[in-house]
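Undergrad: Residue numbers (the working numbering), protein chains in the order written: chain Y, 1 to 122; chain V, 1001 to 1270.
It is worth saying that the hints were derived from the structure and are not from the lab. Each statement offered as a hint is correct.
Facing chain V, according to a computed beta carbon distance under 10 Å, are these residues of chain Y, among others: (1) R8; (2) F13; (3) I16; (4) R104; (5) L105; (6) Y106; (7) F107.
Even glycine gets a Cβ: it sits at the ideal position worked out from N, Cα and C.
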Amino acid sequence: MRPWLVNRVTITFATIALVVLLWNLYVAQHDDGILAGTVTGPDGSPVPGAKVVLSERTIVSLDPIAETVTDDQGNFRFTGHDRHRVVLTASKPGVGQSRRLEVRLYFRNQNRELAEPLQLAP
Amino acid sequence: MHRYPRWPIHAALILVSVAMLLPFYWVLKTSLTGENIFAYPPSLLPQGIQPFFYVDAWYAIPFARFFLNSVLVAAMVIVANLIFNAAAGYALTKQFRGKTAILFVLLSCMMIPFQATIIPAYLITAELGLLNSYLGLALPAFSHIICIFIFKANFDAIPPSLIQAARIDGVPEWKILLRVMLPLAKPAIATNVILSFIWSWNDFLWPLIIIRDVQMQTMPLGLSTFLAYFEDTTGALYAFCVMVLVPGLLIFLLAQNQFIQGLTSGARKG
Chain Y
1 MRPWLVNRVT
11 ITFATIALVV
21 LLWNLYVAQH
31 DDGILAGTVT
41 GPDGSPVPGA
51 KVVLSERTIV
61 SLDPIAETVT
71 DDQGNFRFTG
81 HDRHRVVLTA
91 SKPGVGQSRR
101 LEVRLYFRNQ
111 NRELAEPLQL
121 AP
Chain V
1001 MHRYPRWPIH
1011 AALILVSVAM
1021 LLPFYWVLKT
1031 SLTGENIFAY
1041 PPSLLPQGIQ
1051 PFFYVDAWYA
1061 IPFARFFLNS
1071 VLVAAMVIVA
1081 NLIFNAAAGY
1091 ALTKQFRGKT
1101 AILFVLLSCM
1111 MIPFQATIIP
1121 AYLITAELGL
1131 LNSYLGLALP
1141 AFSHIICIFI
1151 FKANFDAIPP
1161 SLIQAARIDG
1171 VPEWKILLRV
1181 MLPLAKPAIA
1191 TNVILSFIWS
1201 WNDFLWPLII
1211 IRDVQMQTMP
1221 LGLSTFLAYF
1231 EDTTGALYAF
1241 CVMVLVPGLL
1251 IFLLAQNQFI
1261 QGLTSGARKG
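Chain V extracted, bound-state conformation (with noise of 0.2 Å):
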């Protein structure tokens, strides 16, 4: 039994989700009816709902090559985000000296945009030979100092006694972190994949630096193509914005759950 009425929360709720949602439904609507988007007054509702703007999209641009590098690029940026982030994370759960000076300096470097860091990354990426490649696009990405937190927190809630357990067992700390601690950090796990796949997909500044060839670009780069060919195709354009969206929007769906678990995870204690 609550103290006070339910209904102005869940009232004031969809509202804000009905804000939130609005832009969505008008690209998706723009993509299906190629309406002028400044229209006045604008209709709510599509008219004249038709899938070829997908088709022209699909045509206009190399669209399934721009797919493919974006998928690549992301797949190898989660893998080494899951590898690095936990052993990090795993790590900072330790005791050990300089532990503190380890996590001021991982702290102060989130304050450094990577705007500021560009020259010298794409310095670095040249002198390695990885301009215009796959790895070369990953390779900034390989890390997110946020994930680590974010593993660091799960591996936290973890009781100690199954850690010194698995130690009284013989077991290696490699097969603790594998074995005893990534199973039971789902949620930090769901919560990385989502924010480097999400962040590599929408990634722009970084392949735009460091690409130089048309079929190794991603679908952020497609997208700037297809504004420098396409001004008037309002429809076509938009569709094209929705087959950029839907894969982030689908791996968000797929594992929320674990996502806002993995956010919330360590923020309380007891």
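Chain Y extracted, bound-state conformation (with noise of 0.2 Å):
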């Protein structure tokens, strides 16, 4: 092996660009914007037709920037939110409004799937 190939500033760049390389196809991979789970009841039963709004987290304020209604399963998806830092929020007449949740991303666009589902309590 050629010495100029094998000395530490080489090796030590050489990953930097493979790691940041590796980075950009996960990312190319996983940023479609999506963020999908779960609304329950205070009983832990899935909650139809709830209502899930999506806020922007900034410095001083919480701005909406989407809304969507559960399925016949609870389950509710986002897609094409372009933010890092957001808050989500369900509520059903009746049945009542869930904590705010807040969704720290790796990346803009980051598809996630949340784990924990937003309870809805009275």
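Join the two chains, each given in its own frame, into one complex according to the hints.
TA: Next comes the structure, spelled out in structure tokens:
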């Protein structure tokens, strides 16, 4: 192997370049802006027809950017949100309202399936 | 066999190292936790580590653009410093009339702070039409006198017989510098690279004066922009500080052996 190929400077910068490349490949595969999850009631059962609001968290405010309604299984799904720091809230008249759930992403548009459901409380 | 125990020296060095590294540790810790830096009592160990402040810092300002600007300017400064300083250092190893006067002028110029020459530098840059440009950013840092002396000290340590042998073989002066002197002055090259990179990377005043376009700002200017917009986001601010610091640290760590040799070369005889 040629010495200029195996010195620490070349190896360090080549490693950085490789990590950046792999990261960008990962981002390209996961940047559809899909944010999905479930809304449950106080008893833990799925709540269909709940309104879910996606808001952008800024330094001083919370600006709604999209909203949707849960399907028959209590699932919701946003696409193309183009943010890296969002807040989700869910509500349904007669059932209750969820607490604010802040979702922080590693990059804008990152696809994310929420592990924890948004639980409505009276 | 040492005449006295070494552990007191090592203990003192460890203490000094800890004291020197503590601020860096604190910046890194705060960038990962976002905790209030004025909290009392301060927590030594980080709690609630998460990387999202780096994401905030990345998107809060055009980080990639500022980074690219700083890299481009630093690259121009490093290349120019290597060329001009090596040539000047090599010239100063020769004997010629007025050499003492030139050395005296160079040493005198080292005592003039950049702030004192910034208005003429600005006027010259404006006259050349280089305001708000990469070349204008890099131009005043194209040569540092201290780096010229580092090259001179390294070249002085090279046996003159090597140069004489090259001359007898008919090698021109620029080739002697390129093929004989520079390969033997790697510590000086590393020192020049590190010093010129760090000075260029950290420079705030000159870019502040000549840059008008946000897209042309360098990292230190970006930091001031960041401070202006986001006074309350401690974690993101410290994350940005780490992102500004890392390239300089990386360059230093990669070339630290040569850097130390370069600074101490010529410091002793024999």
